[in-house]
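**Student:** Make a model of the complete structure from these sequences and hints.
These protein sequence lines map, in sequence, to chains A and B.
According to the working numbering, the first sequence is numbered sequentially starting from 1.
According to the working numbering, the second sequence is numbered sequentially starting from 1001.
Treat the hints loosely; a few may be bogus.
Unchecked claim - With a straight-line Cα cutoff of 25 angstroms, these simulated SDA-like cross-link-like pairs (lysine to any residue) come out:
(1) Lys-79/A / Asn-1218/B
(2) Lys-70/A / Ser-97/A
(3) Lys-1079/B / Lys-79/A
Quick caveat, the hints were computed from the structure, so don't treat them as lab data.
Quick caveat, the model's predicted, so the values are computed rather than measured.
2 protein chains.
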Amino acid sequence: MNSLRFAVIGLGALGGYYGGLLAKSGREVHFLARSNCEAVAANGLRVDSTSGSFHLQRVNVYDRAEKMPKCDVALISLKATDNAALESILPHVLTESGTTLLIQNGLGQEERLPEVALQGSVYAGLGFICAHKAEHNRIIHEDYGTLRLAVYHEAGSAVRRHGGVEGLARELRDAGVDIELEPHFLAARWKKLVWNIPFNGLAVALRSNTAELLRDRNTSVLARQLMLEVIAAGRSVGCAIAGEYAQEMLDGTERMRPYFPSMYHDFEAGRALELEAMYWIPIQRARQAMPQVEMLARQLEYLAARRERDAC
Amino acid sequence: MNSLRFAVIGLGALGGYYGGLLAKSGREVHFLARSNCEAVAANGLRVDSTSGSFHLQRVNVYDRAEKMPKCDVALISLKATDNAALESILPHVLTESGTTLLIQNGLGQEERLPEVALQGSVYAGLGFICAHKAEHNRIIHEDYGTLRLAVYHEAGSAVRRHGGVEGLARELRDAGVDIELEPHFLAARWKKLVWNIPFNGLAVALRSNTAELLRDRNTSVLARQLMLEVIAAGRSVGCAIAGEYAQEMLDGTERMRPYFPSMYHDFEAGRALELEAMYWIPIQRARQAMPQVEMLARQLEYLAARRERDAC
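**Tutor:** Structure representation (structure tokens):
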């Protein structure tokens, strides 16, 4: 167990924070980075965290998967819009029957993983965390941090070798990651959407952070209505989510420092938005209409298309 | 009949265009203006219109209702947000049993008219027109122009004197206004909302004109969905509106020059938005939910409140 070797695919806020904790605790961690490979190789990785800042002087960081060693666990912290690249990345970094931990929001991405991942165990990692990448080699962890794990699919051979989701949870906990286990994969993903759909979308559409949205009566009602649509849609596909879950999420957000969700940063930086994973696939799979969620998705598509056009 | 005297309350795009046509045709018209009284008094009123431009050199324009003569017809072309002023204006300008023509969008405004108006006939005037006030004394009429009249309430004595809605229609037609009569008051108002609700709201929320909204697949779907919600809501209160009416409105808008609806101009200029008349009263009165319309209304409230705050 102690010899588990980790590959972290994508050195953004989540890869940097969770991968950084693993490396700090002495695990062997290999990072695949794109834009920021050189900066991290030269200056290490800095994590400014409310629960303890640290600086990793020397980081195993690569700009191409071909250069990486095979690892027992691939922690995927790309944006869902970049998942097509996994087809060529994972065969280089994942051992046979290796474990894949997909730390992404949205729905429908596990089933699209390349064959090499699906031969091993696949877990969903849902980061209830406020963090962003401030500079190439600096992650700012602002609040929260729990990673909820859910089993998408477990391969017997892998479970025998690494102890399944419990084994992975133990590894991560030992490294200082707050881990919770979610017993129901699909419910875990839908529950995460209950937060992501309103706050990511409204932040972009109205250019506002969580505090601004909750302080205003109209947008706080809207956030709740969107949450209730997502909860009802999740239930329509068999996920038991309590009605009070909306209030819980609102209360948690209320206690958060003012936060611009990831999609806001993506939009401002001109990056692709995770609209398919976070909006369209949930809309398609729900057995019940989500009119306000759909409206938000269409507004976001429009804004993203216009931004694209204006950039040309 | 030829001696009908008109008061035009509010010298914006609609008051200037319809009132301007009445004055141009030789009717006696008295305008109540606020910000632009002086400019119109000094330089007259210019209407640049696709159906024939004209310039009225001398205009009867007043900055206070107290200075105006009593008139047979009060054409109200204020924004609905300014209707509280009618309580003190109308007693000065309206003859006993005089006719009120309320050229405004939205719902629920006729019933709030002051007593003096409700003693006479009250008509709704629905302007299917693209026009805006470019300068203090210059109206630009860009497209369309039909004024649909509907009877809110007719007073017997007034009908005997002026011939009811047909008489008013004739007067306006003689002055060159394209008039259509709507047989059902409430349906007329809801039908107007079918256009106003999507295009005013989306124009503000997404800062876009009609052509931009219709060119994009997502926002054109959204415009249609909003229209269908309004049609269903109108039906829920007994207004027979055909399902094809949405397509008709979309086709008509498609043929229009790119147009920023009035609420867009109001928002940009920092003026109050007609949210109550155009969104909240329809939402309250519908016997059926309009989730997307409500979402749009809440977004608009949020944006308006933020603009207000930022301006302080």
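**Student:** Now, for every hint given, state plainly whether the structure supports it.
**Tutor:** Going through the hints against the structure:
Of the pairs offered as hints, the one joining Lys-79/A and Asn-1218/B holds, with about 23 angstroms between alpha carbons and a cut-off of 25 angstroms not exceeded. Annotation: proposed proximity of Lys-70/A to Ser-97/A holds, straight-line Cα distance about 11 angstroms (limit 25 angstroms). Straight-line distance between C-alpha atoms of Lys-1079/B and Lys-79/A comes to about 47 angstroms, which puts the hinted pair past the 25 angstroms bound.
Of the numbered hints given earlier, the model fails hint 3 alone.
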